[in-house]
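Dock chain P against chain E, hints included.
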Amino acid sequence: MTLLSPDDVAPVKRDLDATLAALDRMLLGRPELHRLVLAGILARGHILLEGLPGLGKTALIRALAQILDLDFKRVQFTPDLMPSDILGSHILETGPDGNRTMAFKPGPVFCNLLLADEINRASPKTQSAMLETMQERTVTLMGVTRPLPKPFFVLASQNPIELEGTYPLPEAQTDRFIFKLHVSPPDAATLTAIITTRSHGDMPESGFSLGRDSLERALDTVGKVLLPEAVAGWIGRLVAATHGAKYVTCGASPRAAIAMAESARALALMDGRPSVGFDDVRKVAFPVLNHRLILDYRAKLDGVDARSVVDGVLESTPVAE
Amino acid sequence: MADQVTKPVMRAFRADLLAGGALRGFAFGAAVAACGLLAARAFLSPLPPVAFAVFAVVPVCVLVCALRSLARAPSVAKCLALVEDASHAGGLILAKDVPGAEKWPSPVSVAPPIPITWRRSVPAAIASLVSLVAVAAAPDDWFAAGVQQPPAPAFPDVTAEIKNELAELEEAKSLDAEDIKALQEELARIEKEADPASPGETLDAVDAVREKLDALLDIDAQAAKRILPKDTSFATLATKPDGAEMLKKMLDESYEGRCPHCGAKLGDGEDECNGDCCAEEGHAEEGEGKPGSGGISRGRDDAAMNYGNEAKLGASKLKDLAEKTELSGKPSETKVGESISEEDPAKHGIHSAPGATRAIGGRNRGTSANQLVLPRHRGTVKRFFDIERKTP
Numbered sequence: 001m002t003l004l005s006p007d008d009v010a011p012v013k014r015d016l017d018a019t020l021a022a023l024d025r026m027l028l029g030r031p032e033l034h035r036l037v038l039a040g041i042l043a044r045g046h047i048l049l050e051g052l053p054g055l056g057k058t059a060l061i062r063a064l065a066q067i068l069d070l071d072f073k074r075v076q077f078t079p080d081l082m083p084s085d086i087l088g089s090h091i092l093e094t095g096p097d098g099n100r101t102m103a104f105k106p107g108p109v110f111c112n113l114l115l116a117d118e119i120n121r122a123s124p125k126t127q128s129a130m131l132e133t134m135q136e137r138t139v140t141l142m143g144v145t146r147p148l149p150k151p152f153f154v155l156a157s158q159n160p161i162e163l164e165g166t167y168p169l170p171e172a173q174t175d176r177f178i179f180k181l182h183v184s185p186p187d188a189a190t191l192t193a194i195i196t197t198r199s200h201g202d203m204p205e206s207g208f209s210l211g212r213d214s215l216e217r218a219l220d221t222v223g224k225v226l227l228p229e230a231v232a233g234w235i236g237r238l239v240a241a242t243h244g245a246k247y248v249t250c251g252a253s254p255r256a257a258i259a260m261a262e263s264a265r266a267l268a269l270m271d272g273r274p275s276v277g278f279d280d281v282r283k284v285a286f287p288v289l290n291h292r293l294i295l296d297y298r299a300k301l302d303g304v305d306a307r308s309v310v311d312g313v314l315e316s317t318p319v320a321e
Numbered sequence: 001m002a003d004q005v006t007k008p009v010m011r012a013f014r015a016d017l018l019a020g021g022a023l024r025g026f027a028f029g030a031a032v033a034a035c036g037l038l039a040a041r042a043f044l045s046p047l048p049p050v051a052f053a054v055f056a057v058v059p060v061c062v063l064v065c066a067l068r069s070l071a072r073a074p075s076v077a078k079c080l081a082l083v084e085d086a087s088h089a090g091g092l093i094l095a096k097d098v099p100g101a102e103k104w105p106s107p108v109s110v111a112p113p114i115p116i117t118w119r120r121s122v123p124a125a126i127a128s129l130v131s132l133v134a135v136a137a138a139p140d141d142w143f144a145a146g147v148q149q150p151p152a153p154a155f156p157d158v159t160a161e162i163k164n165e166l167a168e169l170e171e172a173k174s175l176d177a178e179d180i181k182a183l184q185e186e187l188a189r190i191e192k193e194a195d196p197a198s199p200g201e202t203l204d205a206v207d208a209v210r211e212k213l214d215a216l217l218d219i220d221a222q223a224a225k226r227i228l229p230k231d232t233s234f235a236t237l238a239t240k241p242d243g244a245e246m247l248k249k250m251l252d253e254s255y256e257g258r259c260p261h262c263g264a265k266l267g268d269g270e271d272e273c274n275g276d277c278c279a280e281e282g283h284a285e286e287g288e289g290k291p292g293s294g295g296i297s298r299g300r301d302d303a304a305m306n307y308g309n310e311a312k313l314g315a316s317k318l319k320d321l322a323e324k325t326e327l328s329g330k331p332s333e334t335k336v337g338e339s340i341s342e343e344d345p346a347k348h349g350i351h352s353a354p355g356a357t358r359a360i361g362g363r364n365r366g367t368s369a370n371q372l373v374l375p376r377h378r379g380t381v382k383r384f385f386d387i388e389r390k391t392p
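First to last, the protein sequences are chains E and P. To convert, note that position 260 of the first sequence is 260 in our numbering; the numbers rise steadily by one, no gaps. To convert, note that position 54 of the second sequence is 54 in our numbering; the numbers rise steadily by one, no gaps.
By construction, these hints were calculated from the structure, which means they are not laboratory data. Honestly, I wouldn't trust all of these hints.
Said to hold, decoys possible - The list that follows gives simulated cross-link-like pairs (lysine-lysine, DSS-like), each with its CA atoms no further than 27 Å apart:
#, chain 1, residue 1, chain 2, residue 2
1, P, Lys173, P, Lys212
2, P, Lys163, P, Lys248
3, E, Lys125, E, Lys105
4, P, Lys78, E, Lys283
5, P, Lys173, P, Lys248
6, P, Lys249, P, Lys163
7, E, Lys224, P, Lys103
8, P, Lys181, P, Lys212
9, E, Lys13, P, Lys103
10, E, Lys150, E, Lys13
11, E, Lys224, P, Lys78
12, P, Lys192, P, Lys163
Isolated chain E (complex conformation):
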């Protein structure tokens, strides 16, 4: 494998820096969150955003869609939402020749960027309809499998409170999200900047569009970033260590290791590097692992959360064996 040359990396980095700058300009006070969201996108992953209402989860996704210049659809998940409302359905149509045929009416999932707002309010049946679309990026209806447009990302949001009438996402589905990012409330300075610079809280125009071609080139370049053997081995040991970690009932899946490697590559590229370092893995370890670890009752009793467990795993696993 040949290392990416600086000439290959530099334009991509320039585009990604501009994207991040536009995001930071549109949404104030969360550069790290924007960085991780972009890394998740570059890793071709789906992202779950969790936070209290009004923290700008939906705004972030809308801004990202605007900057990336992708086909964007929004679905508000409710308990009575049916799979066909997302995936699409067949309807009876009369052709010009008078013959009636079942025609497929694609649902909102046929887009590049799907905003699944409050995804945990939909019923398990509807949530399960998303499994195939998120993993295989296809939709199978009436025995016909249809591919989704490329690229395809699901950016879902959920509210950690008001859990009455919600259906927590099954582990199989949370595992399909590359990151689960916690949207924290902005600090006072950010709030002051928001109310002084934004009229009615409206986001300013992005002023920059990455474009589909640039995004495709960035996605291709991410795949060429070198993942050294030592770093790959450390990722493997980290994920394996979650299975025997204290307070953990079920550790992370192999999908977590893949997600960690891909998102670390994306972070390396965003830094303008042709190879992944251990620090990249450290940065993505918590967003990748936090929703994949199932903690036991002792963790609740001792007040231990996923961050503590992940930090412990990172500390206890040496980079070199």
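Leaving out everything else, chain P in the frame of chain E:
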């Protein structure tokens, strides 16, 4: 390129492992040497020079453990990963040998912190060294093999007691000097002929001497009783300063014309009595007081067959006595024990309620006795009767 980055790291790792292994080897070797030296000093005296060869274990252990520790030295890849992690080079150090890496600027490599493990072995090494020095420097008398024990006697001095007694008798002039001398010579002969392999004969001979001495003392005591005036006792004689001389003089006078064994009067020209009296008192010539030959000693002779009932012996002074038992009185008055019974209710002011009788079943069916029924669990009874009966 990788060698340049990893060489200092590997050198530091090896130095630490070498030091740690050498210290562990020293600790182990010193402990083994201390144990070996301790065992040698405990069981061997004087300590042979070859025992100090245990010190050679120490350098051997140091060498072996150090070499074994070196085998655990980290690989080049591990050193490279540690340098990469310490340098935060974003994987560029790890990708140094990948084609195309020359187009990227060389990252500054930072030496990773090398864990210092050899210090952990220092306490063990010091402890082993101290134990080795202590074992080597301990004085000889701390060990059983070094202590000079007095030579054990080849045969127990069984004649010591009699010799002491004879010496006392000689000093007090309680026995004839010739008799004492004869007994002492006999004892000397016994000691000379004593064979540790067969102590039985020696012990029998000593017993015979003891019996002879006892017989002589017994004769003297009888003679003393005989010659003492009626109003004089041994106690009175003992209070006088020349009591012993007086007693001896009286004894010598009394033996004139009497048997030396039993003190019986002899006829003219007789040196000893006819033996009847001596035979009665067990001084017969046949036995001569030797064990196993009858006489006054029970020795090895058969014991009388009385089957454990000494009262059947003719010469016994024992009398048959009827055993007195507790049950010998009237049965009604015999106390055979105490039973734990219920407390006297009257003592606690508890009186039986009218009609609180208990019928006796079984054989005595139909009869009744005025026995107080006491609740065993007052709380239970109280709770039972205190319940409010909620009848609909």
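Verification of the hints:
1. Lys173(P) x Lys212(P): The given pair, whose Cα atoms are some 17 Å apart, holds under the 27 Å limit.
2. Lys163(P) x Lys248(P): Within the cut-off at roughly 22 Å; holds.
3. Lys125(E) x Lys105(E): This hinted pair holds, its Cα atoms lying about 20 Å apart.
4. Lys78(P) x Lys283(E): Roughly 22 Å between the alpha carbons, so the hint for Lys78(P) and Lys283(E) holds.
5. Lys173(P) x Lys248(P): 8 Å, holds
6. Lys249(P) x Lys163(P): Holds: Lys249(P) and Lys163(P) sit about 25 Å apart, inside 27 Å.
7. Lys224(E) x Lys103(P): 16 Å, holds
8. Lys181(P) x Lys212(P): Holds, at roughly 13 Å.
9. Lys13(E) x Lys103(P): 17 Å, holds
10. Lys150(E) x Lys13(E): 22 Å, holds
11. Lys224(E) x Lys78(P): 24 Å, holds
12. Lys192(P) x Lys163(P): 14 Å, holds
When the structure is compared with the earlier hints, no violation turns up for any of them.
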